[in-house]
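Chemist: Protein sequences appear in the order of chains A and B.
For the first sequence, the numbering used here assigns the number 1 to the initial residue and increments by one for each residue that follows.
For the second sequence, the numbering used here assigns the number 1 to the initial residue and increments by one for each residue that follows.
None of these hints come from the bench; they were simulated from the model.
If you're wondering where the values come from, they're calculated on a predicted model, not measured in any experiment.
Heads up, the beta-carbon is just placed ideally off N, CA and C, and yes, glycines get one too.
Warning: the hint list may mix true and false statements.
What the hints assert, rightly or not - A few chain B positions that, by computed beta-carbon distances, are all more than 10 Å from chain A:
#, residue
1, VAL21
2, PRO27
3, PHE46
4, GLU56
5, PRO60
6, THR80
7, SER103
8, LEU138
9, ALA139
Said to hold, decoys possible - BS3-like cross-link-like pairs, simulated, lysine-lysine; straight-line CA separation at most 30 Å:
#, chain 1, residue 1, chain 2, residue 2
10, A, LYS332, A, LYS55
11, B, LYS142, B, LYS130
12, B, LYS88, A, LYS296
13, A, LYS55, A, LYS203
14, A, LYS189, B, LYS24
15, B, LYS88, A, LYS203
16, B, LYS83, A, LYS296
17, B, LYS28, A, LYS193
18, A, LYS332, A, LYS294
19, A, LYS332, A, LYS296
20, B, LYS24, A, LYS203
21, B, LYS28, A, LYS186
22, A, LYS332, A, LYS293
23, B, LYS89, A, LYS189
24, B, LYS90, B, LYS142
25, B, LYS13, B, LYS28
26, A, LYS296, B, LYS13
27, A, LYS193, B, LYS13
28, A, LYS299, A, LYS332
29, B, LYS13, A, LYS189
30, A, LYS186, B, LYS24
31, A, LYS296, B, LYS90
32, B, LYS130, B, LYS89
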Amino acid sequence: MSQPIELQQDETFVLNVGPQHPATHGVLRVKMTMDGEYIYNAETVLGYIHRMHEKMAENRTYAQYMPNMGRLDYLSAMAFNHGYALVVERACTIEVPERAEYVRVITVELNRISSHLVWLGAYVLDLGGFTPLMYCFDDREQILDLLESVTGSRLTYCYFRFGGLYNDIDDAFISGTRSFITRMRKELKMYQKLVTGNIILMKRLQGHGLVDRDMCQRYGATGPVARGSGINYDVRRNEPYSIYDRFDFDVPVFHEGDSYARYLVRMEEIEQSLRIIEQALDQLPDGPVNPEKKPKVIKPPAGDYYAAVETARGNFGIRLVSDGTKNAYRLKLRSPTYSNMHLFDEACRGMLIADALAFMGSLDLVIPEIDR
Amino acid sequence: MSGYFSDLFLGAKSLLDGMWVTLKEFPKRPVTLSYPHESVPMYRRFRGHIELIGNEEGAPNCVVCGMCERACPSNCISITSVKPEGSKKKVLTGYTLDFTTCSLCGSCVESCNFNAVRFSNEYNLASTRKEDFIFDLLARLKEQNQ
Numbered sequence: 001m002s003q004p005i006e007l008q009q010d011e012t013f014v015l016n017v018g019p020q021h022p023a024t025h026g027v028l029r030v031k032m033t034m035d036g037e038y039i040y041n042a043e044t045v046l047g048y049i050h051r052m053h054e055k056m057a058e059n060r061t062y063a064q065y066m067p068n069m070g071r072l073d074y075l076s077a078m079a080f081n082h083g084y085a086l087v088v089e090r091a092c093t094i095e096v097p098e099r100a101e102y103v104r105v106i107t108v109e110l111n112r113i114s115s116h117l118v119w120l121g122a123y124v125l126d127l128g129g130f131t132p133l134m135y136c137f138d139d140r141e142q143i144l145d146l147l148e149s150v151t152g153s154r155l156t157y158c159y160f161r162f163g164g165l166y167n168d169i170d171d172a173f174i175s176g177t178r179s180f181i182t183r184m185r186k187e188l189k190m191y192q193k194l195v196t197g198n199i200i201l202m203k204r205l206q207g208h209g210l211v212d213r214d215m216c217q218r219y220g221a222t223g224p225v226a227r228g229s230g231i232n233y234d235v236r237r238n239e240p241y242s243i244y245d246r247f248d249f250d251v252p253v254f255h256e257g258d259s260y261a262r263y264l265v266r267m268e269e270i271e272q273s274l275r276i277i278e279q280a281l282d283q284l285p286d287g288p289v290n291p292e293k294k295p296k297v298i299k300p301p302a303g304d305y306y307a308a309v310e311t312a313r314g315n316f317g318i319r320l321v322s323d324g325t326k327n328a329y330r331l332k333l334r335s336p337t338y339s340n341m342h343l344f345d346e347a348c349r350g351m352l353i354a355d356a357l358a359f360m361g362s363l364d365l366v367i368p369e370i371d372r
Numbered sequence: 001m002s003g004y005f006s007d008l009f010l011g012a013k014s015l016l017d018g019m020w021v022t023l024k025e026f027p028k029r030p031v032t033l034s035y036p037h038e039s040v041p042m043y044r045r046f047r048g049h050i051e052l053i054g055n056e057e058g059a060p061n062c063v064v065c066g067m068c069e070r071a072c073p074s075n076c077i078s079i080t081s082v083k084p085e086g087s088k089k090k091v092l093t094g095y096t097l098d099f100t101t102c103s104l105c106g107s108c109v110e111s112c113n114f115n116a117v118r119f120s121n122e123y124n125l126a127s128t129r130k131e132d133f134i135f136d137l138l139a140r141l142k143e144q145n146q
């Protein structure tokens, strides 16, 4: 654990990390003021890939805005699809058929696993272990193949529609998903052995990158970051949307607040997602995936609407203000990593730079989602 | 001191565990393909850029209603047509797709009521010139008919 040291401001220098740096996983710039190897403070500089996603919603129709949802958090695009579909369905009171709800849950959870697998591979790569990345990407490939076979895309999905889905899943997808679950359970045991129990990983993560409960609450951190600090909050459990209240799953919570706790939360979440998918496949009803009655032109009545979903990184909230026309009056996206990232400055003070980068990886930053 | 030895033991165990995983994978067949020489078949639903669907005579099914043009979020479809004298229906004379701005959302395919547009399975599209991504889909249909 890094020792608390007396840092002196008059002996500092500035170290620029990013905007193009492998450790930041995207175009994030961190201006670190260093006292030797120790960080005095770290200022995150954003805006390098700001694309005006919120403004775009104001001059596109509701349906036309759907493809944007795949381009915020490119690793967990399905959950963002879900959030947007949910808010428009709430606004227009569109009923979603049972089967569509189940397929939504299955695809979102598969996407969550694939997102965690990318994180795991890239994170261990950050820490200097190359091999797990290969296994993670092999497993992720199975999910991408499954999702590609139903959605047609591999990463930037535009699969959900208001009230339903672009198209239905087939038997090949169902059997493929079932065999993936069996495979993944076996692979999880392998990761447990290869990564979780590895002494280098434990020594680098345990006790480092401490984020306490209070800090999470002050910055509005959600998802695995908050759950690794003892906050038992998961939108799927606390404010159930879609049909999440029908499934039996645990919300993993660890109280240590260090990088290792966040690591364990994500690993446990993969297992819980598998459980949800398994139950959803068992209960999958027959029927249509699109509602019979659906307004041709989406024009939500004037008002203020909100929906939140749990993405792989935390609470994604979407607030829609409608003035009754074809375009949104205002669309506010509350993305999880934006809040999660901001605690980096406070938490990394006094940390060694090598630990700080290991800490940054444990926050699982996806920059296009921070810079919308 | 006991911590030192337990670390030593755990370190050796981690090393052996890692080696064991590698050893188990070693005799397995590779999961990758050597891409340009072999490739995976594309899924039926794979979304490549759109293409026009022709009828039995090879003429496009498109009736120039303009729904796909309007549905597109990034205005990447432009259609030209003529109305021959004495005819009520328009005839398609050009269907251009600017693939540089297309996000493959499928709005055009969904909005079409005449079964005139579908996704192609094209994915080998690398180029350094912008013009290579502006497709004349009518010419493509004619090519496919031949």
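Chemist: Does each hint hold? Answer for all of them.
Modeler: Verification of the supplied hints:
1. VAL21: Non-interface label fails for VAL21/B: nearest chain A Cβ at 5 Å, not farther than 10 Å.
2. PRO27: About 16 Å separates PRO27/B from the closest Cβ of chain A, which puts it past 10 Å; holds.
3. PHE46: PHE46/B is in fact no farther than 10 Å from some Cβ atom of chain A, at 6 Å.
4. GLU56: 26 Å, holds
5. PRO60: Holds, since 22 Å exceeds 10 Å.
6. THR80: 23 Å, holds
7. SER103: 4 Å, violated
8. LEU138: Given that every Cβ of chain A is farther than 10 Å from that of LEU138/B, nearest at about 24 Å, it holds.
9. ALA139: 24 Å, holds
10. LYS332/A x LYS55/A: 9 Å, holds
11. LYS142/B x LYS130/B: 23 Å, holds
12. LYS88/B x LYS296/A: 27 Å, holds
13. LYS55/A x LYS203/A: 45 Å, violated
14. LYS189/A x LYS24/B: Given pair LYS189/A, LYS24/B holds - Cα atoms ~14 Å apart, limit 30 Å.
15. LYS88/B x LYS203/A: 78 Å, violated
16. LYS83/B x LYS296/A: Status holds; Cα separation ~29 Å.
17. LYS28/B x LYS193/A: 19 Å, holds
18. LYS332/A x LYS294/A: Roughly 25 Å separates the two Cα atoms, so the pair holds.
19. LYS332/A x LYS296/A: 25 Å, holds
20. LYS24/B x LYS203/A: 26 Å, holds
21. LYS28/B x LYS186/A: Status holds; Cα separation ~16 Å.
22. LYS332/A x LYS293/A: 28 Å, holds
23. LYS89/B x LYS189/A: Not satisfied, since the Cα-Cα distance of roughly 64 Å exceeds 30 Å.
24. LYS90/B x LYS142/B: With a Cα-Cα distance of about 19 Å, the restraint between LYS90/B and LYS142/B holds, given a limit of 30 Å.
25. LYS13/B x LYS28/B: 24 Å, holds
26. LYS296/A x LYS13/B: 63 Å, violated
27. LYS193/A x LYS13/B: Answer holds: LYS193/A to LYS13/B is near 10 Å, not above 30 Å.
28. LYS299/A x LYS332/A: Satisfied, since the Cα-Cα distance of roughly 18 Å is no more than 30 Å.
29. LYS13/B x LYS189/A: Holds, because 16 Å separates the two Cα atoms, which is no more than 30 Å.
30. LYS186/A x LYS24/B: Between LYS186/A and LYS24/B the Cα gap is close to 13 Å, so the pair holds against 30 Å.
31. LYS296/A x LYS90/B: Since the Cα atoms of LYS296/A and LYS90/B sit roughly 25 Å apart, the hinted pair holds (cutoff 30 Å).
32. LYS130/B x LYS89/B: 34 Å, violated
Hints 1, 3, 7, 13, 15, 23, 26 and 32, counting from the list given before, are not met by this structure.
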